[in-house]
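Enquirer: Residue numbers (the numbering used here), protein chains in the order written: chain A, 592 to 951; chain B, 592 to 951.
Please keep in mind that the hints were generated in silico from the structure rather than gathered at the bench.
Careful: at least some of the hints might be erroneous.
[What the hints assert, rightly or not] Here are the simulated lysine-lysine pairs, DSSO-like style, with alpha carbons at most 27 Å apart:
1. A:LYS927 / A:LYS634
2. B:LYS948 / A:LYS604
3. A:LYS835 / A:LYS746
4. B:LYS855 / A:LYS855
5. A:LYS634 / B:LYS604
6. A:LYS948 / B:LYS948
7. B:LYS877 / A:LYS855
8. A:LYS948 / B:LYS634
9. A:LYS718 / A:LYS695
10. A:LYS669 / A:LYS718
11. A:LYS877 / B:LYS855
12. A:LYS835 / A:LYS604
13. A:LYS877 / A:LYS855
14. B:LYS835 / B:LYS901
15. A:LYS695 / A:LYS634
16. A:LYS948 / B:LYS604
[Said to hold, decoys possible] Restraint-style ranges between C-beta atoms, simulated for each label pair:
17. A:ALA667 / B:GLY938: 35 to 43 Å
18. A:ASP786 / B:LEU622: 35 to 43 Å
19. A:GLY787 / B:LEU622: 52 to 60 Å
20. A:GLU717 / B:GLY942: 34 to 42 Å
The structure displayed is predicted, hence computed values, not measured ones.
Each residue gets a CB set at the ideal place from its N, CA and C atoms; glycine is no exception.
2 protein chains.
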Amino acid sequence: MKEKKMSDVQRLKQDYPWIQTPLVVGAPMRLIALADLAVEVSKAGGIGFIGAGTDTSSLSTYFQHAQRLLGASALATKNGTMPIGVGFINWGADIDVAVSLIQKYRPAAVWFFAPSSTASLMQWTEKSREACPETKVWVQVGSVQEAMGAVRETKPDVLVVQGTDAGGHGLAQGAGLISLVPEVCDAVETYFSRDGGAGGERPVIIAAGGIAEQRSAAAAMTLGASGVVLGTRLLASYEANISKGYRDEVLRASDGGQTTVRTKVYDTLRNTNWAATHNARGVINKTYFDAMDGMGEEENRRLYTEETNKGDAGWGVENRMTTYAGSAVGLVKEVKGAGEIVREMRGQIGGVLDRAKAIL
Amino acid sequence: MKEKKMSDVQRLKQDYPWIQTPLVVGAPMRLIALADLAVEVSKAGGIGFIGAGTDTSSLSTYFQHAQRLLGASALATKNGTMPIGVGFINWGADIDVAVSLIQKYRPAAVWFFAPSSTASLMQWTEKSREACPETKVWVQVGSVQEAMGAVRETKPDVLVVQGTDAGGHGLAQGAGLISLVPEVCDAVETYFSRDGGAGGERPVIIAAGGIAEQRSAAAAMTLGASGVVLGTRLLASYEANISKGYRDEVLRASDGGQTTVRTKVYDTLRNTNWAATHNARGVINKTYFDAMDGMGEEENRRLYTEETNKGDAGWGVENRMTTYAGSAVGLVKEVKGAGEIVREMRGQIGGVLDRAKAIL
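The following block holds chain A by itself, in its conformation from the complex (with noise of 0.2 Å):
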């Protein structure tokens, strides 16, 4: 056990060069995590990621941009690959697009989620590894039985264990991490161990979803993840591209159990296309009690575009702006640098594990 996870590190060390561990990633929020946000987690030695989606159209820029940005950081990277990742919701991306790019700026990792098949994460990963062989992929999962489909599929470098208490998109049906993890854990580790692993190597598993801190980043290290993800945390950093009134809501958010809530309400108004199979945690708003009190979609929809005219007035529990956001919202009461947050956070879990221990 302790082998296995000193080789996880040395090889989260060996393929990211520039890491501080225990290693702390930057979710790829779609347009929100763009290259401030990638480049500062990074330079704080973290992962981070842009959040590209299923938008790729502005892909290109967001690279140059952390090209800049990073130019003059000198972050120790491996075979010339550029220290940040590019995350991509797979059934709504542009494959040809998105490879292109992988070729052209190397990004360190690509962050793969929600494909519309196997044989389409497939496709991906093989076109991916063509274009750059140095760039690793990841691959988030929301299940035990996605993360076996992906490892024996795909052999992902990295799975991304995604909890149901995250923000954003996910599986519709799911578990938290208290209890994913250590089962996903057993599944590759009986693959690997019994089966051989089919030849492939084992995958490094980092945890996503309702980890805002030092003490679940710690539980998460103990529920036997190799690293952690901040989403909802980074909303409330400076380099996030956010509006005032998106970080404000989750400034002002608590309870995060009771005010957030998984569901198809808010992506049926914005005609996101997602399938049955996923849905999304935001703040509960005007748009969700008025779905469950009964209103059709429709009118819904309307009074949701009526309201995108209103700018930053429109979040909040009584407007209809959606507010994505996981059910660590809660624990975040503070606008910092992402830089920050990462290092703080780093600097803590080992001080959470002592006292955890110390009280035994």
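Take the given structure of chain A and dock chain B to it, following the hints.
Expert: Using the frame of chain A, we list chain B on its own:
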């Protein structure tokens, strides 16, 4: 922080002198956790609870049975209390019967859950403390709001913080322990350090929901809990009062986020009278599929009632008997003695924390 935790452990050892730490608690699973299970958990250095739930009709018998089982065990107790607890689902339990039995049998703890109102919870608490001042009051909550309401109004000795991965009943809307425990800890901390706690004593915080083994137990400690509750894991103990069909289904189910679901469906067909605020997590079966496919309540109830005659063959995905279980069900693969489960888990928590520390 460390001092507070040290004193929580000291308080636990003072109030329940037979325990060993880290504290492992056996959940008061309604009519499944009876004297055999409760006593076995306590004998292993945990705190076992009898699950009276809504039904106090045989509780006297259970207490008597527990007395016999405890007779030769010589567990160190405090002021002659019985070294087990008893759990009530307050909205449905008879307060007069409950209080008279608390007075007579003096359990070390009572566990309150789902009162019909704050006033009712206050009444239960006051009457229980009057009947037996040595009996500690545990209150189960599922949100920050519930937690602070309970703390302010009833000054519980223990707050049991239940995450949404829990099996059986809980708040219909909730968060996993990964975000819920830290937020509750912070709210309690603020109330007592900044606001003085209105003269009350800070409750010990214990985590429930999705914890089936040492990794999740260690995670709960890092999140801020001073002890953990086992529910689903103990369904697969020799001492659980459970049908073979139910237990086999717990052993069979895996990938708990996918194969269990929080729903009102199982309550509806069993006419349990639970309020809309609560639902329950159970393994998905034919009842649930039919309900999702639009089958009416009456027909579904009729088919369920028929199935109750099938005995153990009534459980399983293609059948209709309800298998309440948490999302950690996939980590439960073997029937063991409850004492062995508790001792094994407790003995491994320190090692889990050490390994997490070693890979930083």
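Enquirer: Taking the hints in turn, state whether each one holds.
Expert: Cross-check of the supplied hints:
Restraint check for LYS927 (chain A) and LYS634 (chain A): satisfied, since their Cα atoms lie roughly 15 Å apart, inside the 27 Å limit. Taking the CA atoms of LYS948 (chain B) and LYS604 (chain A), the gap is about 17 Å. The hint holds against a cut of 27 Å. A C-alpha spacing of about 40 Å is found between LYS835 (chain A) and LYS746 (chain A), which places the hinted pair above 27 Å, so the restraint is violated. Under the criterion of a C-alpha separation no larger than 27 Å, the hint pairing LYS855 (chain B) with LYS855 (chain A) is consistent with the structure, at around 19 Å.
For the hint linking LYS634 (chain A) to LYS604 (chain B), the alpha-carbon distance of about 47 Å lies beyond 27 Å, and the restraint is violated. Between the alpha carbons of LYS948 (chain A) and LYS948 (chain B) the distance comes to roughly 10 Å, so the proposed pair stays at or under 27 Å and holds. For a cut-off of 27 Å, the pair hint linking LYS877 (chain B) to LYS855 (chain A) stands: about 24 Å separates their Cα positions. With a C-alpha separation of about 24 Å, the suggested pair LYS948 (chain A) and LYS634 (chain B) falls inside the 27 Å cut-off, and the hint holds.
The hinted pair formed by LYS718 (chain A) and LYS695 (chain A) meets the criterion: a straight-line CA distance of about 13 Å does not exceed 27 Å. At most 27 Å may separate the alpha-carbon atoms for a hinted pair to count; LYS669 (chain A) and LYS718 (chain A) meet this at roughly 20 Å. For a cut-off of 27 Å, the pair hint linking LYS877 (chain A) to LYS855 (chain B) stands: about 24 Å separates their Cα positions. Straight-line distance between C-alpha atoms of LYS835 (chain A) and LYS604 (chain A) comes to about 36 Å, which puts the hinted pair past the 27 Å bound.
For the given pair, LYS877 (chain A) sits about 14 Å from LYS855 (chain A) by alpha-carbon distance, which is consistent with the 27 Å threshold. Between LYS835 (chain B) and LYS901 (chain B) the CA atoms are separated by roughly 12 Å; this keeps the pair inside 27 Å, and the hint holds. For the hint pairing LYS695 (chain A) with LYS634 (chain A), the CA-to-CA distance comes to about 22 Å; that is within 27 Å, so the pair holds. Between LYS948 (chain A) and LYS604 (chain B) the CA atoms are separated by roughly 17 Å; this keeps the pair inside 27 Å, and the hint holds.
Evaluation of the 35 to 43 Å hint for ALA667 (chain A) and GLY938 (chain B) yields a pass: the beta carbon distance comes to about 42 Å. Between ASP786 (chain A) and LEU622 (chain B), the C-beta spacing of about 41 Å keeps the proposed range 35 to 43 Å intact. In this structure, GLY787 (chain A) and LEU622 (chain B) break the distance hint of 52 to 60 Å, their C-beta atoms being roughly 46 Å apart. Checked against the given bound of 34 to 42 Å, the beta carbons of GLU717 (chain A) and GLY942 (chain B), roughly 40 Å apart, stay inside it.
This entry does not satisfy hints 3, 5, 12 and 19, going by the numbered hints stated previously.
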